[in-house]
Amino acid sequence: MSTPGHLGEVMALDRLVHEPARLLILAVLAGAKEVEFGFLESMSGLSKGNLSSHMSKLEAAGLIAVKKSFRGKRPLTELAITPAGRRALAAYRQQLAAVMQELPDPAATPKRR
Amino acid sequence: MSADVQTRLEELEALTRRYARYSRSAGGLSSVLGGVLCLIAYFGGQLLHGAAWAGPVLIAIPAVWLLAKGWMMHRYYQRLGHVEEQETPLDRRVHRFCVAVALLVALAITFGLGLVARPHPWSLPAGMFGYLALVWLMVLAAWRWLRSPLDFIVGVFLFCQAAMVSAGSYYPLIGTTHTDQALLMSLVALMFPLAALAMIASGIAEHRQFRALRLQLEQQRRAALGQP
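Line order of the protein sequences matches chains P and S. Residue numbers for the first sequence follow the working numbering, so the first one is 1 and each next one is one higher. Residue numbers for the second sequence follow the working numbering, so the first one is 1 and each next one is one higher.
Chain S with its partners taken away, still in its complex shape:
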């Protein structure tokens, strides 16, 4: 009996823990969507440059992803009720580090732009104000919604590409640039499509795990109600 009770308690705890993952560290289909949008933003930045509709679309991508992520969590993965995942001390440290990096980048960019435009701050093109706004929104998003390392990498890229597009530029694709600075930028940016592919793979795996979990939750619910 004791073994049964212990096993049931552990099962319930594990079931809740697995369900709670979909509040923070597991995105399932929203990770797949994030990865696909990241690839679109990465290749679209250069390939669609010049198309009138491409700019607004690329700028809207981060907001679309975050909204879809929240919607999928509430309406699909956590339909039985919101359960917040327990953060480990390591998760907390990693998240704080990521937010600190985003904040430092935002501060450096703001300071740099401030120095450049110091004599006539309002002479900056409107696109640069959009750029700054998106950089600071990136910090907010990193703190509030980008909780896992892959979410952070992909989310930061989506915001950075949106900011670049707002300023009339984009991250260059590797092999299409000749200056040292652009080559370096394209090499750094190469990690984003790789992260996107990793995110798509993990999202598919998480979605499969969720389908199995959903069956187990249904069994638990039926057992609790005394139904066969």
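Isolated chain P (complex conformation):
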């Protein structure tokens, strides 16, 4: 088994992007120019607090841009993926595909006697 090769690929995965909630946020944002917080909330099923926490991490890494303003008296939060975020998502997809290609197929592994 060529474990070191697989491990290398797995370790190379961007952990910031690999987390499911953050991956979902990036995938949703990749489909639009700007997304309102409410839409992301209903697509992700996450609580406001949880979503905000993931948003902060992605914003701190420069993968998304967050714009806060008011619509009338209601606070309005809009998010957009940055060019760095698009690159990170594309790189993650490639890495994930490479990892899965490298791993041996369990169905093809000969059984021990």
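Where hints are given, some of them may not hold.
Unchecked claim - In silico negatives: residues of chain S with every beta carbon more than 10 Å from chain P: (1) V36; (2) A51; (3) Q86; (4) V99; (5) L113; (6) A117; (7) R118; (8) A167; (9) R211.
As the list claims (entries may be wrong) - Only pairs whose alpha carbons sit at most 16 Å apart, straight line, appear in this in silico EDC-like list of lysine to aspartate or glutamate: (10) P:K48 x P:E78; (11) P:K67 x P:E34; (12) P:K68 x P:E34; (13) P:K57 x P:E19; (14) P:K33 x S:E87; (15) P:K67 x P:E78; (16) P:K33 x S:E13; (17) P:K33 x S:E84; (18) P:K48 x P:E36; (19) P:K68 x P:E36; (20) P:K33 x S:D91; (21) P:K57 x P:D14; (22) P:K67 x S:E84; (23) P:K68 x P:E78; (24) P:K33 x P:E78.
Everything labelled a hint here was simulated from the structure, so no lab data went into it. Small disclaimer: the values here were computed from a predicted structure and weren't measured. All residues carry an ideal CB built from backbone N, CA and C; glycine is no exception.
Keeping the supplied structure of chain P fixed, place chain S upon it in accordance with the hints.
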């Protein structure tokens, strides 16, 4: 697993992209309304000419359409939250071109009227000031709200017809004029009802697509919440 994750990511992205279309390039029922109002403005200009109530109605049509368009977007098509569509470079170029055309037309009309009225600018009839105001509102509308080519064609016509009505005139229907200038104008104006019909057809198709999209969004929301 990788294939599953890749597929889910692509699905989410595509779902968002389709929803985002209703912020800019897809109007759905507001396109149907725009097309119907365009037909009313086209035929009403001549057929209702002289009716006291027709003038204010035709002048109000562009504002009614733009308000209805915004209302439908926020209250119906993007109820889950506003998502702005990603513009392609081609979309951006087409939009800039359309705004530039509208601006050139407005400048030419203002300059022409200025030349005519140069000795006594305030001697122009009040309707001509309304005409000018509507022409400049058309430029603003083209820049701010008329983002797709069909929206632009129909919107520009609604503003032009409103401006003409404000000045006491209208675009003549084809076959009802005899002078060369009016015939040319009626031929050019013929593209507007055709664009209106195309807009109604595309609006109906977009609305059908939205109904399918709404089901998929609901499935996604339930899946995210872990509901069956």
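message = Please verify that the nearest CB of chain P lies beyond 10 Å from S:L113's CB.
response = S:L113 is indeed farther than 10 Å from all Cβ atoms of chain P, at 39 Å.
request  = Would you check the hint for P:K68 and P:E78, treating anything up to 16 Å between C-alpha atoms as holding?
outcome  = Distance of about 6 Å is within 16 Å: holds.
key: Pair hint P:K67 and S:E84, alpha-carbon separation not exceeding 16 Å   = 14 Å, holds
key: Agreement of P:K68 and P:E36 with the hint, judged by alpha carbon distance not exceeding 16 Å   = This hinted pair holds, its Cα atoms lying about 10 Å apart.
query = For the pair supplied as a hint, P:K33 and S:D91, is the alpha-carbon distance within the 16 Å limit?
reply = Judged against 16 Å, a Cα distance of about 13 Å means the pair holds.
request  = Quickly compare the C-alpha distance for P:K67 and P:E78 to 16 Å and report which way the hint goes.
outcome  = 5 Å, holds
Restraint status (C-alpha distance of P:K68 to P:E34 at most 16 Å) = 12 Å, holds
query = Would you say S:A167 is clear of chain P, with no C-beta pair closer than or equal to 10 Å?
reply = 38 Å, holds
task = Would you assess whether S:V36, listed as outside the interface, keeps its beta-carbon beyond 10 Å of every beta-carbon in chain P?
result = 30 Å, holds
query = Are the Cα positions of P:K67 and P:E34 separated by 16 Å at most?
reply = 10 Å, holds
query = Does the structure keep P:K57 and P:E19 at a Cα separation of 16 Å or less?
reply = Between P:K57 and P:E19 the Cα gap is close to 11 Å, so the pair holds against 16 Å.
query = Since S:A117 was said not to touch the interface, does its Cβ keep a gap of more than 10 Å from each Cβ of chain P?
reply = 43 Å, holds
Taken one by one, the earlier hints fail for this structure only at number 3.
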